[in-house]
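**Student:** What follows is the residue order along each chain.
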Amino acid sequence: MDRGSIKKWLKAPGKMGQKYSFWVVYFCTGCGIIEIPPTITSRWDAERFGVIPVATPRQANLFLITGYVSVKTLRAIIRTYEQMPDPKYTVGFGSCPINGGMYWDSYNTIKHLDKYIPVDGWIAGCMPRPESIFIAVTHLWTMIDKGMATGYIKYREKYKNYRKNQEEALGKLEWPPLYPVGDKNE
Amino acid sequence: MNKLKKELKSSFKGIRTGILEDNRLAVSAPKDAVLPILSFLKNKGYEHLSLISCVDWIEEKELELVYVITSYLQKNDEYADNERLHILLKTRISRENPEFKTLVPIFKNAEPYERELHELFGINFEGNKRLTPLLLERAYKIPPFRKDFNTREYVKEKFDKISFVEEKKNERA
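Residue numbers (the numbering used here), protein chains in the order written: chain A, 1 to 186; chain B, 1001 to 1173.
Simulated from the structure, these hints should not be mistaken for lab results. A hint or two may mislead.
Covered stretches of chain A (in silico footprint by chain B; criterion: 3 or more residues with CB under 8 Å from a CB of chain B, positions within the stretch not fixed) [claimed, not checked]:
1. 2-16
2. 111-122
3. 159-172
Result set (SDA-like, lysine to any residue): computed pairs, CA atoms no more than 25 Å apart in a straight line [said to hold, decoys possible]:
4. A:LYS72 x B:GLU1021
5. A:LYS172 x B:PRO1133
6. B:LYS1161 x A:ALA76
7. B:LYS1141 x A:GLU174
8. A:LYS72 x B:LYS1158
Ideal Cβ positions, reconstructed from N, Cα and C, are used throughout, including at glycine.
The shape of chain A in the complex, shown without the other chains (with noise of 0.2 Å):
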């Protein structure tokens, strides 16, 4: 630890504590899964950055959607989201969580992800490179430092809506409200 975080540490020890050991949802979605081998291994090593793959979503707090999202992936993707504790960052990894990328006409691939749930930043290619998963992740102890990293408050404040998004696109959910949404919480 370098003497200059040394304030940091003492005024707000929490986020240092969270923004320094991202723990990533071994979650494959879409071709982007690809690029995580090499960059949890060796070549890359991702433990520099203190970002280490875990098994359950009980255990993380960061959450990379590797590339499309179709429409019954949303579900998984939704219901591990649910599952994570608080706080939790999420990442779109590649075009197509952004808008569609390549399948913006697609039957049956989401376009955009954060209508359904909050994205905290973007990884913006087809493919990104392992580096950029660094750089996202640097801009992301920026963005905790600056307290913008607030998807999961988001959520909870605007779950009516994002339970409405989720209805509209896969039917009826089978798993009850995460939190209230009765009239009452706007």
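Fit chain B to the known structure of chain A by using the hints.
**Tutor:** Relative to the frame of chain A, chain B by itself:
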């Protein structure tokens, strides 16, 4: 290849054969002859069904089923004179009433292919007990792989109508 071609022509009526490339034999057969030809080929040693595919000929109002069959048993003594072949067996069925018989009794691995075609082209395979949803989540009015399914219109109706949770302008400011 020519030997098999002759055998096929002599045993079944109404089929046309052609050689596409070095190792590809195309056979087009009428509807009724398909299952007998497939079991005949299986007995010959061509017992790997690698694919069932479908082509939508919208102007002729027909769907074309393509069965791709190949063999790994070349080295076996019993099938020593078999060549390494890809056999493409094609048949046409009507587009308005797409029904065909299932292949599961002959090739067991036909089941997922038939489920897929049932979903994407709306073909009903008579005798397949498991024509349940495989890849898709929702019901479509027209099966999505048919040529008259307009994907852009569908996207406009389905996904573009869903609104963003909050306006994007405020975020950047």
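**Student:** Is the coverage entry for the stretch 159-172 of chain A by chain B consistent with the three-residue Cβ rule at 8 Å?
**Tutor:** holds (count 7)
**Student:** Taking 25 Å as the top limit, are the C-alpha atoms of LYS1141 (chain B) and GLU174 (chain A) close enough?
**Tutor:** holds, 24 Å
**Student:** Can you confirm whether chain B covers the stretch 111-122 of chain A, using C-beta to C-beta distances below 8 Å and requiring at least three such residues?
**Tutor:** The restraint on the stretch 111-122 of chain A holds, since 5 of its residues have a Cβ under 8 Å from chain B and three suffice.
**Student:** Quick check: do three or more residues in the stretch 2-16 of chain A have a beta carbon closer than 8 Å to a beta carbon of chain B?
**Tutor:** Contact hint for the stretch 2-16 of chain A vs chain B: violated, 0 residues under 8 Å.
**Student:** Between LYS72 (chain A) and GLU1021 (chain B), is the straight-line Cα distance small enough, at 25 Å or below?
**Tutor:** violated, 39 Å
**Student:** Are LYS72 (chain A) and LYS1158 (chain B) close enough, with their CA atoms no more than 25 Å apart?
**Tutor:** holds, 15 Å
**Student:** Are the Cα positions of LYS172 (chain A) and PRO1133 (chain B) separated by 25 Å at most?
**Tutor:** holds, 17 Å
**Student:** Starting from LYS1161 (chain B), check that the Cα of ALA76 (chain A) is at most 25 Å away, please.
**Tutor:** Holds, at roughly 22 Å.
Consistency note: the structure conflicts with the earlier hints numbered 1, 4.
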